[in-house]
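Using the sequences plus the hints, can you model the full thing?
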Amino acid sequence: MGLEIDDVGVVAGGRAILHKVTARIGAGTMVAVIGPNGAGKSTLVKAISGERRPALGRVRLHGDDVSTLAPADLATQRAVLPQATSIAFPFTVFEIVGLGLRQRAGMDAAARRQEVQRALAAVDLEGFGERLYQRLSGGEQQRVQLARVLCQIGKPVKDGRAKLLILDEPTSSLDVRHQIAVLSIARRFADGGGIVVAVLHDLNLAVSFSDRLMVLQRGRLVADGAPEELLEGPMLAETFGTGMVIMKPPGWARPAVLPDLPRILP
Amino acid sequence: MSALTGSSPLARAPGERSLVQAVALALLAFGVLATAVLAIGIGPAAISPSRVIQILAAGPKTTAFPLGDVIIVWQIRLPRAIMAALIGAMLALGGTVMQGLFRNPLADPAILGVSNGAALGAVSMIVLGGGALAPVSAILGGYALPLAAFAGALTATLILYAIATREGLTSVATMLLSGIALAAFAAALMGYLAFLSDDTQLRDITFWNLGGLGGVTWEKVAISGPIMLLVLAAAPMLARGLDALVLGEAEAFHMGLRVERLKRLAILLVAAATGVAVAVSGTIGFVGIVVPHLLRLAVGADHRFLLPASCLGGALLLLVADIGARLLVAPAELPIGIITAAIGAPFFLWLLMRRRDFEGF
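Protein sequences appear in the order of chains A and B. Whatever position you read off the first sequence (first residue = 1), add 83 for this note's numbering. Whatever position you read off the second sequence (first residue = 1), add 23 for this note's numbering.
Source of the hints: derived by calculation from the structure; they are not laboratory data. Fair warning: this is a prediction, and the values are worked out from it, not measured in the lab. It is possible that some hints are incorrect.
The calculated label-pair distances, taken between Cβ atoms and stated as ranges, are [said to hold, decoys possible]: (1) B:Gly164 <-> A:Leu215: 45 to 55 Å; (2) A:Gly97 <-> B:Leu50: 56 to 66 Å; (3) A:Arg214 <-> B:Thr197: 25 to 35 Å.
A virtual CB, placed ideally from N, CA and C, is assigned to each residue, including glycine.
In structure tokens:
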């Protein structure tokens with residue numbers, strides 16, 4: 084059944100910030116949510132994650148309404164990587180990542196330690212366990228959070244049900260190498276049978292890594308389809324309000340997108 | 024690997040601070056007991072620590088020791104020491120939970136007006152207990168004062184939380200400023216009540232403003248002790264939730280926490296701890312900010328450790344402060360709030376300066 088988004092509408096301050104968004108996302112799919120600033124991407128993510136109950140419509144994961152599931156149940160089948168997380172207390176990296184395991188029952192201390200180490204290795208932060216989270220760079224903090232999220236979500240599929248991994252701008256403070264590393268992790272999660280919904284600003288990363296693009300503009304889902312299809316028309320340029328050049332470098336499986344600078348700049 | 028790392032507190036397994044934490048808790052507990060024995064021995068009639076222990080071991084009805092010593096130990100100084108330890112635990116616990124709730128190490132019931140709210144509740148009961156609030160005090164008896172203080176603390180905490188936190192995010196500036204305004208408003212109302220009060224009531228009010236443990240009896244311990252033990256028993260329920268809340272309210276929800284329930288429980292606990300402490304001993308400031316901060320620096324911020332450690336650390340600090348209060352101007356006695364403020368206020372300023380260094384506010 085996967086993730087079903089049905090006619091979802093969100094209203095804030097008397098203004099509709101999401102309007103009748105409908106989509107079905109099946110197991111093994113990675114979807115990139117793209118759109119200009121203020122299009123409602125983060126709001127959609129909040130509705131999907133169960134954090135914000137939509138005023139209209141509903142979001143179901145394997146048939147269960149995410150806004151009525153008990154938080155603890157929901158947490159075993161979906162995890163969310165936030166945009167940026169700063170904390171005010173001296174927690175170690177190990178402690179932060181370990182928070183992701185709190186809901187998982189039946190693990191002894193050694194198993195937990197191993198799981199945390201594995202997650203830290205996956206985000207290229209081996210040996211960071213003892214460091215204080217507050218002292219890390221923004222990009223390192225984001226990878227620590229990803230490690231925590233990986234600990235929480237575990238394997239992509241459990242009892243035949245795909246789990247849902249939500250990433251809200253996971254690459255915003257990362258260097259190029261780690262952007263690719265983080266999205267590769269998400270890609271593997273989808274390839275392993277899970278569902279990934281990622282808000283991305285970088286169109287090339289969105290095109291290269293995802294199976295499907297959901298394009299939001301002013302609260303509406305204006306396009307939803309495979310990256311190659313969506314790149315063909317003028318849709319992207321119109322949505323983002325800027326000219327785009329789409330090309331296919333030799334040997335690339337998918338096209339690359341660039342703002343058409345010579346035409347845009349005076 | 025675990026066999027190696029288990030052998031020394033210095034060679035820790037990655038991220039495992041549990042051994043250090045266990046040692047710290049044991050040291051703190053020992054410190055509380057040892058200081059309590061010292062506190063019971065110190066005073067105009069000095070009794071050596073070993074004799075204190077013997078008298079305590081012999082029981083309140085012993086005839087093996089001079090009656091005067093037995094009465095001093097059992098009837099005067101033991102209830103005071105127990106109360107000092109419990110109040111210290113309440114103050115530090117209130118601070119720790121409030122800091123977790125606001126996700127900020129500067130949050131403290133005394134600084135942000137919650138203690139003043141509690142004091143306002145208590146002072147209202149003192150001044151109006153024979154008048155407008157007479158029916159309340161008639162029904163509640165000895166519990167009227169702690170309950171009034173609790174109500175005052177709860178109101179202040181709720182207002183503060185509503186103002187300083189928007190959509191799960193706390194603004195430090197708004198939190199501190201609204202705390203200042205709340206404290207000032209409660210102080211103004213207390214000033215008005217003082218204006219209305221007679222001489223006896225006025226003395227009581229002054230006592231509330233400075234804080235002190237004078238006149239603690241077993242009767243007072245019997246009324247407020249069980250409330251404090253209840254608060255202590257409820258505190259561990261918050262530990263996991265406060266750890267998750269460190270990341271943010273949305274993140275805590277994502278990790279499976281019932282955030283609203285956690286926040287309600289935390290607010291209740293802050294109000295109860297502050298209310299009962301203020302009802303017994305007046306407003307004693309800065310314990311709630313100094314103790315958890317030092318413990319976090321020394322041993323870590325994990326609330327499963329921090330909550331019990333703060334209780335013990337607060338107990339220890341208040342026992343020491345009470346010894347100071349009784350020694351510094353003997354045979355007179357300083358209000359204990361003066362001592363904690365003299366230690367705590369510079370500490371708070373130092374904290375602000377350090378934070379400015381690396382957080383830029």
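Which of the numbered hints are not met once you compare them with the structure shown?
Hints that this structure does not satisfy do not exist here, as all of them hold.
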